[in-house]
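Q: If you're matching them up, the sequences are chains Y and R in order.
Sequential numbering of the first sequence, starting at 1, is according to the numbering used here.
Sequential numbering of the second sequence, starting at 165, is according to the numbering used here.
One thing to keep in mind: the hints can contain errors.
[Said to hold, decoys possible] Taking lysine-lysine pairs in the BS3-like style, the calculated list, with each CA pair at most 25 Å apart, reads:
1. Y:K18 / Y:K72
2. Y:K81 / Y:K55
3. Y:K138 / Y:K72
4. Y:K81 / Y:K33
5. Y:K129 / Y:K81
6. R:K195 / R:K237
7. Y:K24 / R:K237
8. R:K195 / Y:K23
9. R:K297 / Y:K18
10. Y:K72 / Y:K55
11. R:K237 / Y:K32
12. Y:K138 / Y:K83
13. Y:K33 / R:K195
[What the hints assert, rightly or not] Over the 12 Å line for every Cβ pair with chain Y, so calculated as not near, a few chain R residues:
14. A177
15. V196
16. H201
17. G205
18. V208
19. K227
20. V238
21. L242
22. F275
23. F277
24. I343
25. S386
26. I439
27. A466
28. T474
Honestly, the hints are just simulated from the structure, not real lab data.
If you're wondering where the values come from, they're calculated on a predicted model, not measured in any experiment.
A virtual CB, placed ideally from N, CA and C, is assigned to each residue, including glycine.
Spelled out from the first residue to the last, the chains are:
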Amino acid sequence: MKRLYGWGIVRSMFIAYKNLFRKKITVQYPFKKLTLPERARWAVEPIFNEAGETKCTACLICERACPDFIIKIDTHTDEDKTKHIDAWNYDIGACMMCGLCVEACPFDAIQMGHNYELARTDPSTLSIKLLEGVLASKGKQRPAAPANIDKPEEKPAEKGGLDG
Amino acid sequence: MSPIINAVIPFLAALGLLLFNGVVMIWMLRKVLGFLHLRLGPMVQGPHGVFQTLFDVLKLLSKEDITPRKVDKVLFFLAPAIVFVPSLMAYMIIPFSETWVVADLDLGLLFVFAIMSLIPLGILAAGWSSNNKWSLIGAMRVIGAQITYEVPMLLAAIPIVIMAGSMNMGDIVDAQSQIWFIIHVPAFLLFFIAGLIESGQTPFDLIEAESELVSGYATEYSAMKFGLLFLSEFSNTFIFSALLVTLFFGGWHGGFGIVPAPVVFMLKTYIGIFIIMTIRGTMPRVRVDNLLAIGWKFLLPASLVVIILTAAIIKVFPVFSGGAL
Chain Y
1 MKRLYGWGIV RSMFIAYKNL FRKKITVQYP FKKLTLPERA RWAVEPIFNE
51 AGETKCTACL ICERACPDFI IKIDTHTDED KTKHIDAWNY DIGACMMCGL
101 CVEACPFDAI QMGHNYELAR TDPSTLSIKL LEGVLASKGK QRPAAPANID
151 KPEEKPAEKG GLDG
Chain R
165 MSPIINAVIP FLAALGLLLF NGVVMIWMLR KVLGFLHLRL GPMVQGPHGV
215 FQTLFDVLKL LSKEDITPRK VDKVLFFLAP AIVFVPSLMA YMIIPFSETW
265 VVADLDLGLL FVFAIMSLIP LGILAAGWSS NNKWSLIGAM RVIGAQITYE
315 VPMLLAAIPI VIMAGSMNMG DIVDAQSQIW FIIHVPAFLL FFIAGLIESG
365 QTPFDLIEAE SELVSGYATE YSAMKFGLLF LSEFSNTFIF SALLVTLFFG
415 GWHGGFGIVP APVVFMLKTY IGIFIIMTIR GTMPRVRVDN LLAIGWKFLL
465 PASLVVIILT AAIIKVFPVF SGGAL
């Protein structure tokens, strides 16, 4: 049997006294804040371009990607074919900050923000509108993919292959 | 001055010192524990949060004094006083310097032990009257622990009495003018361990045991009644540290004639408190059965052996001038 002589007590006290002089790992929170890691995920924020316009095209992909069904985008299209975002509804209270909407967004219109002071005194303020009454972006104008009118026989061939 | 004023002023001074100690020690405990945990502790109220405890006391004073419906009202009201008064009375015999002592009793040391053994009575009253299982378990643990450890603590002080030849606190300090009694290491260790339990400090803080017993016997108390119980606990720690300094670390000696004697005494006492607090921040709690086993199976026989050996050595080599033997 291993004999114990109580040296662990002395060693632990030595470590405790060393700890007294180590750098403190906490900060005075309301006065001083730690910088968050770049990929920290807090509430969703919209991204604006240099002109201050939203990059959102109201494609509703984020709405479909959201596992909590808390994103709801209301849009309408005017007669001159311009698309308007009436409200980009977002419910912080139910958001689990998974970031799937940000991953799904094809236009980089939203990001996971770094504002972690999300506590509210009034529950009704938990549902917020990130965007309200703005013109939807037209999105990146990509050149249209070359149409397949040159070789129309390819598609049936593929289909046949799949059927076979 | 009339004799009444003469008698009351030292008493009030002791009361003031007790309250001051309580405030300082609570702040110090928070700071020391914080630093041990790599935290900052209180920082906002005043420089490094020195006024934090002051505000806490104000808060306690202004809170509603709740008496739960099914408690034993008389005992519930009396218990904090029974706990607090012995703590205050023990201050009477602490020798801060040759002249700064409220009551210079011939049996000062015995008086401390006698008066401190009243505290478990008050704690039992608090726990019993609270009508709460946590309070009662905490109070029962106090009784078990304190009765177990009063005996070894008293026995561990006897070698010092033999060496000093007196139970008067002033005489004990005087006997250490050449060499401090810390040279009697076994007695010091026994006294230290027993005293940690007496004053309810970690690793033997089973009476409070926050993780198991809510707040022990103080669970049902609120406002300043809780404040008195809390203050008494801190005051016990101070008294224990003061006893350590008096018995083993030369009391007011060691100022080299430059530092005034009371300052030396307070400084030593607060170093003792600091060490007790760092132990509190480091050690885990022992189990109840282990606590009692250490007391009866190790400390008690060991202190008896130490007394016999000390007496024999003093008889054979009369180094110390105390004439007890």
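Q: A separate judgement is required for each hint: does it hold in the structure or not?
A: Comparing the hints with the structure gives:
| no. | hint | in the structure |
| --- | --- | --- |
| 1 | Y:K18 / Y:K72 | 55 Å, violated |
| 2 | Y:K81 / Y:K55 | 18 Å, holds |
| 3 | Y:K138 / Y:K72 | 19 Å, holds |
| 4 | Y:K81 / Y:K33 | 47 Å, violated |
| 5 | Y:K129 / Y:K81 | 24 Å, holds |
| 6 | R:K195 / R:K237 | 37 Å, violated |
| 7 | Y:K24 / R:K237 | 47 Å, violated |
| 8 | R:K195 / Y:K23 | 14 Å, holds |
| 9 | R:K297 / Y:K18 | 40 Å, violated |
| 10 | Y:K72 / Y:K55 | 17 Å, holds |
| 11 | R:K237 / Y:K32 | 48 Å, violated |
| 12 | Y:K138 / Y:K83 | 8 Å, holds |
| 13 | Y:K33 / R:K195 | 21 Å, holds |
| 14 | A177 | 33 Å, holds |
| 15 | V196 | 8 Å, violated |
| 16 | H201 | 8 Å, violated |
| 17 | G205 | 9 Å, violated |
| 18 | V208 | 8 Å, violated |
| 19 | K227 | 24 Å, holds |
| 20 | V238 | 44 Å, holds |
| 21 | L242 | 39 Å, holds |
| 22 | F275 | 33 Å, holds |
| 23 | F277 | 27 Å, holds |
| 24 | I343 | 25 Å, holds |
| 25 | S386 | 27 Å, holds |
| 26 | I439 | 9 Å, violated |
| 27 | A466 | 14 Å, holds |
| 28 | T474 | 23 Å, holds |
In this structure, the earlier hints numbered 1, 4, 6, 7, 9, 11, 15, 16, 17, 18, 26 are contradicted, and the remaining ones agree with it.
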